[in-house]
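Since chain A is already given, all that's left is putting chain B with the ligand on it; use the hints.
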Amino acid sequence: MLRKLLSEGGDLPDHFGRDEVVVVLRDYYENLTDKVEIKTHKAATGS
Amino acid sequence: MSNLIPPHGGKGLTCCLLEGAELEAEKKKAAGLKQIPITPRAKGDLIMMGIGGFSPLTGFMTKADWKGVCDNYLIADGTFWPIPVTFDVSRADADAIKEGDEIALVDPQTNVVMATMKVTEKYEMSEDEKKYECEKVFMGEGTPSADEFWKIAKDDHPGVQMVMNQKEFNLAGPVKVLSEAEYPEKYKGIYQRPEESRKIFDDRGWKEVAALQLRNPMHRSHEYLAKIAVEVCDGVFIHSLVGNLKPGDIPADVRVKCIDVLVKNYFVEDKVVQGGYPLDMRYAGPREGLLHATFRQNYGCSRMIIGRDHAGVGDFYGMFEAQTIFDKIPAPEEPGKALLCTPLKIDWTFYCHKCDGMASLRTCPHGKEDRVLLDRKSTRLSLRHHAPEAPLRGR
Ligand SMILES: [Zn+2]
Numbered sequence: 001m002l003r004k005l006l007s008e009g010g011d012l013p014d015h016f017g018r019d020e021v022v023v024v025l026r027d028y029y030e031n032l033t034d035k036v037e038i039k040t041h042k043a044a045t046g047s
Numbered sequence: 048m049s050n051l052i053p054p055h056g057g058k059g060l061t062c063c064l065l066e067g068a069e070l071e072a073e074k075k076k077a078a079g080l081k082q083i084p085i086t087p088r089a090k091g092d093l094i095m096m097g098i099g100g101f102s103p104l105t106g107f108m109t110k111a112d113w114k115g116v117c118d119n120y121l122i123a124d125g126t127f128w129p130i131p132v133t134f135d136v137s138r139a140d141a142d143a144i145k146e147g148d149e150i151a152l153v154d155p156q157t158n159v160v161m162a163t164m165k166v167t168e169k170y171e172m173s174e175d176e177k178k179y180e181c182e183k184v185f186m187g188e189g190t191p192s193a194d195e196f197w198k199i200a201k202d203d204h205p206g207v208q209m210v211m212n213q214k215e216f217n218l219a220g221p222v223k224v225l226s227e228a229e230y231p232e233k234y235k236g237i238y239q240r241p242e243e244s245r246k247i248f249d250d251r252g253w254k255e256v257a258a259l260q261l262r263n264p265m266h267r268s269h270e271y272l273a274k275i276a277v278e279v280c281d282g283v284f285i286h287s288l289v290g291n292l293k294p295g296d297i298p299a300d301v302r303v304k305c306i307d308v309l310v311k312n313y314f315v316e317d318k319v320v321q322g323g324y325p326l327d328m329r330y331a332g333p334r335e336g337l338l339h340a341t342f343r344q345n346y347g348c349s350r351m352i353i354g355r356d357h358a359g360v361g362d363f364y365g366m367f368e369a370q371t372i373f374d375k376i377p378a379p380e381e382p383g384k385a386l387l388c389t390p391l392k393i394d395w396t397f398y399c400h401k402c403d404g405m406a407s408l409r410t411c412p413h414g415k416e417d418r419v420l421l422d423r424k425s426t427r428l429s430l431r432h433h434a435p436e437a438p439l440r441g442r
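For the protein sequence lines, the chains are A and B, in the order given.
Number 16 in the numbering used here belongs to position 16 of the first sequence; there are no gaps in the numbering.
Each number in the numbering used here corresponds to the 1-based position in the second sequence with 47 added.
Bear in mind the hints are in silico, worked out from the structure with no lab data behind them.
Watch out, some of these pointers could steer you wrong.
[What the hints assert, rightly or not] With beta-carbon atoms standing in for the labels, derived distance ranges:
no., chain 1, residue 1, chain 2, residue 2, range
1, B, Ser173, A, Tyr29, 44 to 50 Å
2, B, Lys311, A, Tyr29, 20 to 26 Å
3, A, Tyr29, B, Asp202, 26 to 32 Å
[What the hints assert, rightly or not] Restricting the straight-line Cα-Cα distance to at most 25 Å, the calculated cross-link-like pairs of lysine to any residue (SDA-like) are:
no., chain 1, residue 1, chain 2, residue 2
4, B, Lys274, A, Arg18
5, B, Lys304, A, Asp27
6, B, Lys311, A, Val23
7, B, Lys235, A, Asp27
8, B, Lys233, A, Val22
9, B, Lys304, A, Tyr28
10, B, Lys401, A, Arg18
11, B, Lys304, A, Arg26
12, B, Lys304, A, Glu30
13, B, Lys318, A, Asp19
Cβ atoms here follow ideal geometry from the backbone N, Cα and C, with glycine treated the same way.
Just chain A, same shape as in the assembly:
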């Protein structure tokens, strides 16, 4: 997954991580019934 993301270039997602984590996140996004813009607070950048 990591290599694939990297090889495709372009913007890397903020939450790029281990395959197992990506699966959890993908599952969450796919099951979102209420589609909202996926991002953290626009001004908050750190941990």
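This is chain B with the ligand only, laid out in the frame that chain A set:
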């Protein structure tokens, strides 16, 4: 006998949460008191004062505390504290309350009385004083002059907006906390009181514990930071923000699941403890990093992991300002009054193809073209704020 770092303030864990008969009696009394609605920020502060997370604070700050914290990081009795913890009310409510009164603080979302408070001081906060607080608490290397700061802060800094939108008066005084709200049920197994995390660490025989602050899904850099901590401490406490969320934030239960799979697959499990705390962000950048260390000391952590742009807000702070601020705070000599939790400072981390793994500017000799950055914004900021000390080859 615990080997852990003592709670901040030298008074043990100061817990304002009532239990048993005392709680029932106070709840009855609260029903007859003037009801004042609270903000999500105050709700989080109250719960932290309830469970000892904000030890030694046992109430909202007086004007002297507020001024001391803004100017010197010290409350009036000389104890270190990095960010004002104040409680605001409207002029109309302030007019109806006099010093000495008891009031009930109510969460307007649930109508639950979160606490009672004995008002010992009522003080007006003028626009100029709010601005003063903002400049002291939120200004950083990104906007070194007040002019530059105010040009963008009013529109772009959520912490500034929060303070400027506070009502006209502040009330100070000790609180009795009546509820931990939804946290114990909703985040069962994750939400802990400091006494609970301390017991877990004690049971494992830990002495040096590092805290990793998380409010986003745990990615490779976080994993790397946590593993560095495990190498130099007895264990790591992965501590997630489970307070108020904004639209688009990834819910805490999903973030917790991400941590679970990471720990299960990539960590020695008994070197990691996962937990959650009931605060929202204050968006105070470096000062928030200090707050993170202060309440982690209460949870039993002797080190606070501070990486790149910790608690960052847009372009307001230098990439490593949350690390250097630890070198600038006062260290009161009286026992208990200084912050004891120290920062575990970690440089800018990334994935490097040539290193074939995670690395930092201190360990990777390769060029920019070999490194995978987590996002473009961080690259831009990093180059701007960090390049002189850490030149990137192949730029
Ligand atoms: Zn490298």
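Lys233(B) and Val22(A): Cα distance at most 25 Å? Roughly 24 Å between the alpha carbons, so the hint for Lys233(B) and Val22(A) holds.
So if I understand the rule, the pair passes when the alpha-carbon distance is 25 Å or less; does Lys311(B) with Val23(A) pass? Between Lys311(B) and Val23(A) the Cα gap is close to 14 Å, so the pair holds against 25 Å.
Would you mind confirming whether the straight-line C-alpha gap from Lys235(B) to Asp27(A) stays at or under 25 Å? 22 Å, holds
Could one say that the CB atoms of Ser173(B) and Tyr29(A) fall in the range 44 to 50 Å? 46 Å, holds
Do the alpha carbons of Lys304(B) and Tyr28(A) lie within 25 Å of each other, as the hint requires? 10 Å, holds
Proposed proximity, Glu30(A) with Lys304(B) (alpha carbon, max 25 Å): Answer holds: Lys304(B) to Glu30(A) is near 16 Å, not above 25 Å.
Taken at face value, is the distance from the CA of Arg18(A) to the CA of Lys401(B) at most 25 Å? 19 Å, holds
Under the criterion that the straight-line Cα-Cα distance not exceed 25 Å, is the pair Lys304(B), Asp27(A) satisfied? 11 Å, holds
Check the following: the C-beta atoms of Lys311(B) and Tyr29(A) are separated by a distance inside 20 to 26 Å. 22 Å, holds
Compare the distance between the alpha carbons of Lys274(B) and Arg18(A) with 25 Å, and conclude whether the hinted pair is satisfied. 15 Å, holds
Would the pair Lys318(B) and Asp19(A) pass a check requiring their Cα atoms to be no farther apart than 25 Å? Status holds; Cα separation ~22 Å.
Could one say that the CB atoms of Tyr29(A) and Asp202(B) fall in the range 26 to 32 Å? Given about 30 Å between the Cβ atoms, the range holds.
Of the numbered hints given earlier, the model fails none.
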